[in-house]
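Participant: Given the structure of chain A, go ahead and fit chain B onto it with the hints provided.
Number of protein chains: 2
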Amino acid sequence: MEATRDELAASGYDKLSIDRIATAAGAGKQTVYRWYRSKNELVAECILEGYVPARTAVIADSGEARDDLRAWLRAFADFLAEPENASLIRACTAAAAESDEVAVRFYESLTATNEAALTARLDSAVRRGQVRAGTSTAAMSEALIGAMLYRLLVRQPPTDEFIDGLLDMVCD
Amino acid sequence: MEATRDELAASGYDKLSIDRIATAAGAGKQTVYRWYRSKNELVAECILEGYVPARTAVIADSGEARDDLRAWLRAFADFLAEPENASLIRACTAAAAESDEVAVRFYESLTATNEAALTARLDSAVRRGQVRAGTSTAAMSEALIGAMLYRLLVRQPPTDEFIDGLLDMVCD
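As you go down the protein sequences, you meet chains A and B in turn.
Per this note's numbering, the first sequence starts with residue 6, numbered consecutively.
Per this note's numbering, the second sequence starts with residue 6, numbered consecutively.
Pulled out of the complex, with its shape left as it was, chain A reads as follows (with noise of 0.2 angstroms):
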């Protein structure tokens, strides 16, 4: 995992060795292989055991909820922006796409912690009549967060009036 990180953050995602990572921990490819079947299913490793840092999601609540969702999926979609940010995340989604442990594992460790804040932020609104009420807030979140990777694995980053339709959706 360290030998991941430090090869990571030389070469980036596109251009990784699994060859020099295997040599900087004293390990065969071979070895490595073994362990994880693919450069995916070891990067995905890395970032769900942490060492390298996930986006913590962190949804400020300033009591209008339209600007505080806003601001939170922008900086999402600047945080997709960075090449390197969203080779890894692109990485993860193929390695939960091929491997159900990995997809239990991500959804576990990241993707749940993301959805809870963002529910819970959902929520706070809707008893401020800042979104609309009788709809259930998971699934509106999971819609938001959907609509997100989405653009991601069509490669086309979301917009600011992408992002302004999704909030229409939402807002009351």
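No false leads were mixed into what you were given.
The list makes no distinction among identical chains, and a pair is therefore deemed to hold if it is satisfied within one copy or across any two copies.
Computed cross-link-like contacts, DMTMM-like style, restricted to lysine to aspartate or glutamate with a CA-CA straight-line distance of at most 20 angstroms:
| id | residue 1 | residue 2 |
| --- | --- | --- |
| 1 | Lys34 | Glu7 |
| 2 | Lys20 | Glu89 |
| 3 | Lys20 | Glu106 |
| 4 | Lys20 | Asp105 |
| 5 | Lys44 | Glu106 |
| 6 | Lys44 | Asp19 |
| 7 | Lys44 | Asp105 |
| 8 | Lys44 | Glu7 |
| 9 | Lys34 | Asp19 |
| 10 | Lys20 | Glu50 |
The set of hints was computed from the structure by calculation and includes no laboratory data.
As the structure is a prediction and not an experimental result, all values here were calculated from the model.
Facilitator: Same frame as chain A, but now just chain B:
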């Protein structure tokens, strides 16, 4: 492509063998890997080229948007509930996550069509006052598709309750 289609039909995605595909195609394994970097890319190509039929988006227009959208989302969920379909779509997702080129082709030949059909159905519903007005229907449709793909990625099949939550979010 024909050899991949036949091998998919015979063995399914999880047990798909590049060796058997190469043999059936009269080529070497290395030749296959020269063209497709991974099993996911090979399978994605097969779907993109129409050798394995992708689900056709037919969204009814009965005049009742909520019923039509629910039927479409449930059919999507039922499709993904088949393990072989889920494997194929996850393979496409992984291939799109890994490759810019696959991502763009995947979007242009498959996803954009679904998105356009869904947006058109939402537009007609807005005109009848059945879907929330003043919101970008394009953003809504990406949120609905994104939410379903997100559920596939985190291995939580969309329940009827989840689908109703999504419908509450967009319907008036």
